[in-house]
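Asks: Line order of the protein sequences matches chains Y and R.
Following my numbering, the numbering of the first sequence begins with 526 at its first residue and continues without gaps.
Following my numbering, the numbering of the second sequence begins with 526 at its first residue and continues without gaps.
Any given hint could be a false lead.
Where chains are identical, the list cannot tell them apart; a pair therefore holds if satisfied intra-copy or between any two copies.
[Claimed, not checked] Below, simulated DSS-like cross-link-like pairs (lysine-lysine); rule was C-alpha separation at most 30 angstroms, straight line: (1) Lys747 x Lys910; (2) Lys734 x Lys716; (3) Lys910 x Lys744; (4) Lys609 x Lys716; (5) Lys910 x Lys855; (6) Lys794 x Lys609; (7) Lys794 x Lys744; (8) Lys734 x Lys747; (9) Lys910 x Lys609; (10) Lys609 x Lys744.
The hints are simulated quantities; they were obtained by calculation from the structure and are not laboratory data.
Protein chains: 2
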Amino acid sequence: MPVVFAASVDHSAVILSLFVVLAAAKVMAEIFERLRQPAVVGEILAGVIIGPSLLGWVAPSDLISVLAEVGVIFLLFTVGLETKPRDIFQVGGRAVMVGVLGVALPFAAGYFLAMAWDGSTVEALFIGAALVATSVGITARVLGSMGLLDLRTSRIILGAAVIDDILGLIILSLVSSGGQQGTIDTAGIVKTAGAAILFTIIVGLAGSKLLTGLAPRIKRLKLAGPFFNLGLILCLGLSLASMYIGVAAIIGAFLAGMALSESVDGNDKMHRMTGGVTEFLVPFFLVNIGMQLDLSVFRDTNVVVQALLLTLVAVVTKFIGCGIGAWGMKAREMAQIGVGMVPRGEVGIVVAQIGLGLGVISANFFAAVLFMAVATTLIAPPFIKILFAEDIDDDGVPDNIVETDVSEEYSRIG
Amino acid sequence: MPVVFAASVDHSAVILSLFVVLAAAKVMAEIFERLRQPAVVGEILAGVIIGPSLLGWVAPSDLISVLAEVGVIFLLFTVGLETKPRDIFQVGGRAVMVGVLGVALPFAAGYFLAMAWDGSTVEALFIGAALVATSVGITARVLGSMGLLDLRTSRIILGAAVIDDILGLIILSLVSSGGQQGTIDTAGIVKTAGAAILFTIIVGLAGSKLLTGLAPRIKRLKLAGPFFNLGLILCLGLSLASMYIGVAAIIGAFLAGMALSESVDGNDKMHRMTGGVTEFLVPFFLVNIGMQLDLSVFRDTNVVVQALLLTLVAVVTKFIGCGIGAWGMKAREMAQIGVGMVPRGEVGIVVAQIGLGLGVISANFFAAVLFMAVATTLIAPPFIKILFAEDIDDDGVPDNIVETDVSEEYSRIG
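Kindly generate the complete structure, drawing on both the sequences and the hints.
Replies: Rendered as structure tokens:
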């Protein structure tokens, strides 16, 4: 019997859920833009509203989770396209400081907090690990929408997020191998971490040079939109490579964008084509985060207290850790970097899920981590907007004119 | 317990299959463009090569089938964006003739051929139905890539494809209600057909006027790329509506694009953003068609003979039926319309699948229909390219310059 179209998919149900997610996200984005609030917050709240917690119109599904993953991959690819490698290398040392301190403090705080709540050691290690990883997509989306991705502080945040992710990978490998076998596979972890660091450095250094050299040949491809099509393949290919190495797919996507950034500078067609895919898919990423929040667990006051405390600790330690990492810069810049690293988003959720899967963290802790992940993601964007607003004013352009410029820039980027 | 990210999806496997499908499709498209062959043929062949028949790198899956569906929806949306409603209404009478004759002849021929092969009456009706529906996406993609969507013959093909789809729906309802219950629910079918026709006419007539009137307000939306974002929602919403009514989703997508076509005329940003989504998703549609072909069934010579005969009949009857529908036009135009309607693609496969699901058609007939669907889709594009090539020359632009113009136009369209 020939292989046929998978008959198990109900296409009208699929199109319905795509429609509901997109329409809800775009409506909420529009409302939040009009209230001068970050559109990302509106889109995440759209997920809370249409998700199982409230209306129950759409439930988390394989399809939405896949579209969310591809969406955040494209988002970071787009951000990479706006980021020249030298911009990141110039802030390299600073980014390492921010990344390391922004990982150490939340990890330690999460660990001690969970121990104080009578968690097991492994459990406490997992809670610490869940507090580590920044979800840079959120910050990047907000900064992109303000047209501020080329600020020095934005670059430090992007660089630190890469380092943050690699450190998060190492910590997660440590705690999960500890949680799984009771022993720690040091050699394996060193190997993975080394591969991740090497991959990042090599692609970051050589990728851009290679592609800039190849640009005239790419231009001669017969394919429609040669840079866009090559970008698609490169973005998915490097995302895949970084997943195999063990870091998040978005690192590969960011590196792919960065490698192309010199060649497509000023290539409006490429930016807009990529922007189309991003505008289509990013809502799934944001709505999916919102849908994870199950409000019903908060009937238990203990969970509420745990969740609020964990969120407070997550915000404060990341803010202070990253802020101190930026020591010596202006106070406002330190604050910008600190707040830009606060959102945990999908990454914290994934860590907690692994812990739940291994049976080492309790359902209550899981609910608290989930709340923390969504809450940090909702709290940060308004502060990012406020703290970075001055950088728009610094150009000497009055507020009302800037508004239009920003939305123009926004549409180009995202 | 809170609802969590669906843990059943292996994200690296998902990204891997996206990567393989896209890379294979784009490489084959590039090769075929260089050989001056239609890129669509290359992309369908990419599906045959990487699919279960040959390399087995990727198998048809729910994910790919969903992306394929969304891909063809966006493709028809893009085509709609290039099509003003008056362009279609001007050729309305002609399109009805082409659609009706292009349905009647293949249906009758398929029926009698299957009867002659000792098929049951229901089986023969299904084979007839599978021969009916044109997959207009293929032709639209080829004509779009040549920049010829605004030709009169192109518009007749698009209009006829809409009529073709509605007639196909009616025939399918007839034969499946016959196959299922042995009796025919005439009232139900009349209701469905009436709803489909009304929907098409109302959206076709009123949609464009409504949106053109709203355009100044759409422009004032705070959303980035307001027309693109509204287009996304409209495209999915009308696709959904047409699925509920019973016609193919692509009819709704095409109408959505057409409704927006006046408002976004010359809106380069909108076209490019849509083009990005199309370039990303259409390969899944094409590769998915190619993947359906299971070459191993053709070890049985009977199946080979059946498949070849069915393909021959499918090509000849559609070509003649539609050609005669265009009676009175130039011979070349009649041929253009005839060949433009030949591809059956995914539609024929879906009909055969329903018959297989109802247990009324044999595995051999199914294999033959599958072959016919893929073969007609592969055969038509080179002839479309040849028959329409003169329309490029008619502009008086030399061949070599046209090549560049065409690829520029191609990239704008999708």
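Asks: Could you tell me which of the numbered hints above are not met by this structure, giving the numbers in increasing order?
Replies: Going through the list in order, the structure violates no hint and respects every one.
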